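Heads up: the protein sequence lines correspond to chains C and S, in order. No gaps in the numbering here: position 188 of the first sequence is 212 in the working numbering, and each next residue is one more. No gaps in the numbering here: position 335 of the second sequence is 350 in the working numbering, and each next residue is one more.
Treat the hints loosely; a few may be bogus.
[To be verified] Partner residues aside, some chain C positions facing chain S, computed with beta carbon under 8 angstroms:
1. L41
2. V43
3. V50
4. I111
5. I215
6. N219
7. I271
8. L273
9. H276
[Claimed, not checked] Which bits of chain S does chain C cover? Going by a derived footprint, with three or more residues having C-beta under 8 angstroms, they are:
10. 101 to 109
11. 335 to 347
Keep in mind the hints are simulated off the structure, nothing from the lab. Note that the coordinates shown come from a computational prediction; the quantities given were computed from them, not determined experimentally. Where is the CB? At the ideal position from N, CA and C, for every residue including glycine.
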Amino acid sequence: MFETRSRTGRLVLTAVLAVMVIPFIVPLFTMVQGSLQGSGWGNYATVIGLEGFWLYFRNSIIIAAATIAIVYLLTLAAAFGFSKLRIRAKELYFWLMMGALTMPEVVLLTPLVLLGASAGLIGTFWAVVIPLVALQLPFTILLTRSYVDGIPDALFEAARIDGAGTWRQFRHVLMPLARPMGVAIVVLVLINSWNAYLLPLVLLGQDQGHMVVTQLPNSFKTQYTDDQTKILAGAVLAALPTVIAYIALQRHFERGMAAGAIK
Amino acid sequence: MATQTTSAPSSPQDRRARTRFGSGPLRWRQSRTPGGLGWILPAFALSAGLIYFCIGYLGYVSVLPWNWRPPRPQAVQGLDSYVRAFNDDLFWTSLRHTLVFFVVTFVVQCVLGIVFAALLHSKVYGGTIFKVLIFLPVVIAPAIMAPVHRRVFAVDGPINWILQHLGLIQVDATGNRDWTAGVSWVLNHVGLSEVTPNWIQPSTALWVIIGVQIWSSIGVAFILFFAAMGQIDPEMMEAARLDGAGNVRVLVSVVVPNMKAVIISLAILNAITALKLFDYPYLVTAGGPAHSSEFLGTFIYAQLFGVSSHYGYAAALSILLLVLALVVSLVMSVTARERGPRRVKRVRV
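Working from the sequences, and respecting the hints, build out all of it.
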């Protein structure tokens with residue numbers, strides 16, 4: 025974009041960029057440096073050695089995996105239906121779903137707390153997974169429908185002429201073709217469910233063993249009465265899975281998250 | 016488009032059907048297209064079902080005088096909770112914070128995002144490393160970063176450390192930090208005398224939240240601008256350069272006008288984010304001190320789980336938030352459709 029004709033020019037541009045990036049490094053640096061103060065790596069050992077440490081990760085993995093699986097299947101099925109099948113008043117259903125696109129999760133809080141309590145759902149994984157799925161679906165369906173719209177009808181017709189039923193068209197034509205979109209969905213839902221804080225906080229209960237990774241740093245705060253180094257070590261450990269996933273799948277993450285921004 | 020590849024020559028009739036149903040199956044073919052209600056029903060029931068049911072229940076609770084724990088009161092109170100919201104200073108304070116938050120994060124995201132994207136489209140060294148550093152905050156949960164940000168803005172934290180080494184802050188014998196004489200003179204003369212290097216305080220807490228949000232969301236703006244810039248026709252820039260435009264001129268007159276679609280997406284995204292905001296104000300500043308960083312999310316949460324459970328009031332506030340979110344997204348997408356360039360509607364990432 026900026027044209028440079030000399031080596032000096034390139035160095036100047038790189039230096040400008042480096043200076044601008046400094047504010048973005050400060051928190052990351054603070055996090056790692058703070059977690060190594062005091063007893064150094066011992067902070068990590070203390071945090072990992074805590075009873076119930078792995079439960080945070082187990083709970084987050086269960087919630088993320090369940091949310092991804094349900095969203096993925098329901099999204100593909102619904103996108104297939106909306107795009108390629110005959111449904112009376114199809115657009116009405118579609119726009120009713122899109123009405124929920126910008127739903128702030130705080131809005132669901134009051135009803136979920138009141139109804140979940142009376143249904144005895146509070147404290148179960150379903151109490152978190154179902155609202156998470158419900159909040160993601162409108163957007164993933166919008167995204168995937170427009171993607172499936174781009175797959176020629178002729179492919180499905182050819183399959184039908186060859187005797188494939190709706191299920192086989194879905195399984196053997198749509199699912200393989202929609203795979204690139206699938207990666208974006210998985211990344212988007214993974215980040216949204218792994219990083220969710222409010223819904224697990226309220227719907228999973230605050231007992232030990234019922235918390236997810238996003239609650240990890242804050243719960244150490246209460247346990248350690250503000251031992252900053254342990255809190256920061258906990259934050260590093262809680263952030264590690266998404267950071268590793270991002271660095272390993274850089275391009276997919278950038279695409280998935282960017283797709284998430286264009287509504 | 017879905018129907019491009021049909022081999023059959025299209026009659027005017029099915030062209031009409033095509034426009035009517037968008038990309039759906041053509042009407043003459045409909046009898047052969049299998050019915051599909053069962054395919055959309057699970058998603059529809061789970062998503063629209065739950066959400067609309069919750070909204071309905073909210074509407075019901077919001078007219079009840081339910082300001083204590085269960086059981087639910089039987090009598091209906093009417094619209095008192097809504098009246099209370101409109102007379103509540105805190106409601107308007109939260110709204111004002113939301114508006115300031117939206118405007119600032121949006122403008123900064125656009126400016127910084129465009130500059131970062133333009134720099135990384137130039138020939139810089141170590142582009143991938145910079146890209147990763149800018150995008151990394153996006154994937155880390157706000158709740159996980161919250162204690163880190165509290166540390167960053169602490170009185171003895173890195174921000175003040177940097178300011179101290181830039182000679183803007185002095186530390187006296189008792190360890191108190193304050194601005195050096197020059198800085199306080201400037202602050203006093205621009206009317207910011209209550210700003211001290213103790214960041215989580217009423218005059219600056221909102222700005223801490225804004226800064227933290229910019230930190231964690233600039234990556235998305237950057238990636239969008241980066242992708243959109245990659246699609247600008249190189250010939251267009253070539254032509255501008257031949258006409259004698261410099262780097263800055265090309266950026267302002269050629270690149271930025273091509274970014275309209277992204278800027279509109281970011282406006283919608285940021286407006287919704289501002290209305291949804293909860294994690295950062297709740298965990299970094301707890302909406303305070305003295306409600307100085309209160310947002311609708313933290314406000315509603317406090318009504319639900321505060322000293323007493325104001326369910327009816329929380330429900331009324333939720334309904335108001337919902338209406339706001341709907342109005343904002345409707346207004347913005349209509350404006351986008353009217354003003355937005357039709358040609359570059361969808362950015363491919």
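### Query
Going through the earlier hints one by one, which of them does the structure break, listed in rising order?
The structure conflicts with hints 2, 8, 9 and 10, although it agrees with all the remaining ones.
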